[in-house]
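Participant: Protein chains in written order, with our numbering: chain D, 1 to 284; chain F, 1 to 293.
No lab work stands behind these hints, which were simulated from the structure alone. These figures come from a predicted structure and were not determined experimentally. We treat Cβ as the ideally placed atom computed from N, Cα and C, and that holds for glycine. There may be inaccurate statements among the hints.
What the hints assert, rightly or not - According to the in silico footprint, chain F covers these stretches of chain D (three or more CB under 8 Å from chain F):
(1) 39-52
(2) 55-68
Said to hold, decoys possible - Computed list of lysine-lysine pairs in PhoX-like fashion (alpha-carbon distance at most 20 Å, straight line):
(3) F:Lys226 with F:Lys69
(4) F:Lys11 with D:Lys106
(5) D:Lys4 with F:Lys188
(6) D:Lys4 with D:Lys106
(7) D:Lys173 with F:Lys11
(8) F:Lys134 with D:Lys246
(9) D:Lys4 with F:Lys226
(10) F:Lys69 with F:Lys57
(11) F:Lys11 with F:Lys96
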Amino acid sequence: MIAKNFSRVLIYGVLLLAAVLFLAPMYVMLATSFKDAEEIRSGNLLSLPNGLNFEAWTLAWSSACTGTDCRGLQPFFWNSVLIVFPAVLISTLWGAVNGYVLSLWKFRGSDLLFGFMLFGVFMPFQVVLLPMSQVLGWLGISSSVGGLIFVHCLAGLAGTTLFFRNYYAAVPKELVNAARIDGAGFWRIFVRIIVPLSTPIVMVTLIWQFTNIWNDFLFGVAFSGADSKPITVGLNNMVNTSSSVKNYNVDMAAAVIAGLPTMLIYVLAGQYFVKGLTAGAVKG
Amino acid sequence: MKPTFEQTLPKLVIAPGFVLGFAFIYGLMIWNGVLSLTASRMLPNYDEFAGLAQYAKLWEMDRWWLALKNLGIFSVLYVGGAMLIGMALAIVLDQKVRAEGWLRTLYLYPMALSFIVTGTAWKWILNPSLGLEKLMHDIGWSSFSFDWLVQSDTAIYCVVIAGIWQSAGFAMALFLAGLRGIDDSIIKAAQIDGASLPRIYWRIILPILRPVVFSTVMVLSHLSIKSFDLVMALTGGGPGYATDVPATFMYVMSFTRGQIGLGAASATMMLATVAAIVVPYLYSELRSKPHDR
Chain D
1 MIAKNFSRVL IYGVLLLAAV LFLAPMYVML ATSFKDAEEI RSGNLLSLPN
51 GLNFEAWTLA WSSACTGTDC RGLQPFFWNS VLIVFPAVLI STLWGAVNGY
101 VLSLWKFRGS DLLFGFMLFG VFMPFQVVLL PMSQVLGWLG ISSSVGGLIF
151 VHCLAGLAGT TLFFRNYYAA VPKELVNAAR IDGAGFWRIF VRIIVPLSTP
201 IVMVTLIWQF TNIWNDFLFG VAFSGADSKP ITVGLNNMVN TSSSVKNYNV
251 DMAAAVIAGL PTMLIYVLAG QYFVKGLTAG AVKG
Chain F
1 MKPTFEQTLP KLVIAPGFVL GFAFIYGLMI WNGVLSLTAS RMLPNYDEFA
51 GLAQYAKLWE MDRWWLALKN LGIFSVLYVG GAMLIGMALA IVLDQKVRAE
101 GWLRTLYLYP MALSFIVTGT AWKWILNPSL GLEKLMHDIG WSSFSFDWLV
151 QSDTAIYCVV IAGIWQSAGF AMALFLAGLR GIDDSIIKAA QIDGASLPRI
201 YWRIILPILR PVVFSTVMVL SHLSIKSFDL VMALTGGGPG YATDVPATFM
251 YVMSFTRGQI GLGAASATMM LATVAAIVVP YLYSELRSKP HDR
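Could you put the whole structure together from the sequences, leaning on the hints where they help?
Facilitator: In structure tokens:
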């Protein structure tokens, strides 16, 4: 019995220690963001701020400088919003239709097509950077929000197709066959039967795509122009801007602001996010 | 027999997606390959065919070798570390503990954040003057010194620390899902036979989990090859180019150094590495699970 109690204590000890280690950086970010320069110098990472001082937050949001541009993170935040919503909606809808065909309207070679599409989930996007910037130039959408939406739709398509294809593979074929006998066509079956069944996978895909696109840095840094930089690029530039004094409180407030939307979604709908993560790893 | 409209419609519907998708994946891949065979510098230049000269140049560059060495260190430690911690957490969480849901959520939240956000945070935590070092001094460990982030030969380990912190929860989630799929009666039977818990995990459960372990290694190692954001945010590839990895090398050569041909060649090398890992995996996955799912 003693051994049993001991092992329980050990288990909770490990879990608690891990929890503290995972939370510590978030605590440090928040605590630092509420301090002023003097408190940062005199205190340490874990010391509590003297109070809820939002000065660094207002600076980070609306007046911190990146080079000579002193508008804070605000413009980048709105760029990201403008990029994320269309890109998420288009790639999700597109993936749903693709997945619907690939699992319920199979034709000869459709599985092979899917297999080739799957590589798009894993490929290093470095290979598309150089050609894509030429394509965007030809289309007249380089360095624009529109160009980034376009790239994110294409880059996300393989993943969203995978999600929906695997989800719809579990839909009984009889359901579709019965509907066909009743005279329902391709689109009618999709809208009336399949879409109503899709809430969970739609949630997973929306959240997955939102998180990916909001957090994207590679496409953002390669394809954006002066007025279309997404928030990750804005944050990185602000933090690494060469100024004489490092304002760690402003940096941390900016980092929290940049992470807030995805964090909020994670807190509210974490289980869908986790499903997306594991679905991305276990193929079928 | 002429195919009916009903039979062609599905193909028509997915055609645009697949044409654009394949153009994006394979078209641009080939295009990048073509670029890597040219002498392009500031701008793509398709007139000057250079053969494999860019590749020869690439493999003669110390900076490229350093990027590969860093990738090696980072991949091994990052994948290994995230797997070990993830596995340990999953096993401990699987002991019917209270507040499991809460803990799981907590361990996984870094995955929802951008590497730029966490890189910024770690940059502050690991900075030599006011970060961890000062904290330890304040606690009373006055001889503690930690300047890894600004030393050329240790900065890469800071990237490893931040990377593991970000991804360990992900490995945990995958392992936990695997553990939940194991029938309890197997464990009970082994316990009745007198096997100790560590022995049960090592001899029975781990072998059952082999596919999960395998796919976790796959996913983490391809992530490590693609890792770009974290390095950019945490070290910017520095000090100097001491923490360059292939992804940052490719970016710098292509977009700031005006060496497009060389950048394209390094991208091709990254592609080849990822393909070598992922293609056999995808092939076996698609083979082993027939299409009835």
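Participant: Compare the structure with each hint and give your call.
Facilitator: Hints and how they fare:
no.	hint	in the structure
1	39-52	holds (count 6)
2	55-68	violated (count 0)
3	F:Lys226 with F:Lys69	holds, 15 Å
4	F:Lys11 with D:Lys106	holds, 9 Å
5	D:Lys4 with F:Lys188	holds, 17 Å
6	D:Lys4 with D:Lys106	violated, 55 Å
7	D:Lys173 with F:Lys11	holds, 18 Å
8	F:Lys134 with D:Lys246	holds, 16 Å
9	D:Lys4 with F:Lys226	violated, 44 Å
10	F:Lys69 with F:Lys57	holds, 17 Å
11	F:Lys11 with F:Lys96	violated, 49 Å
Comparing the model with each earlier hint shows violations of hints 2, 6, 9 and 11; every other hint is respected.
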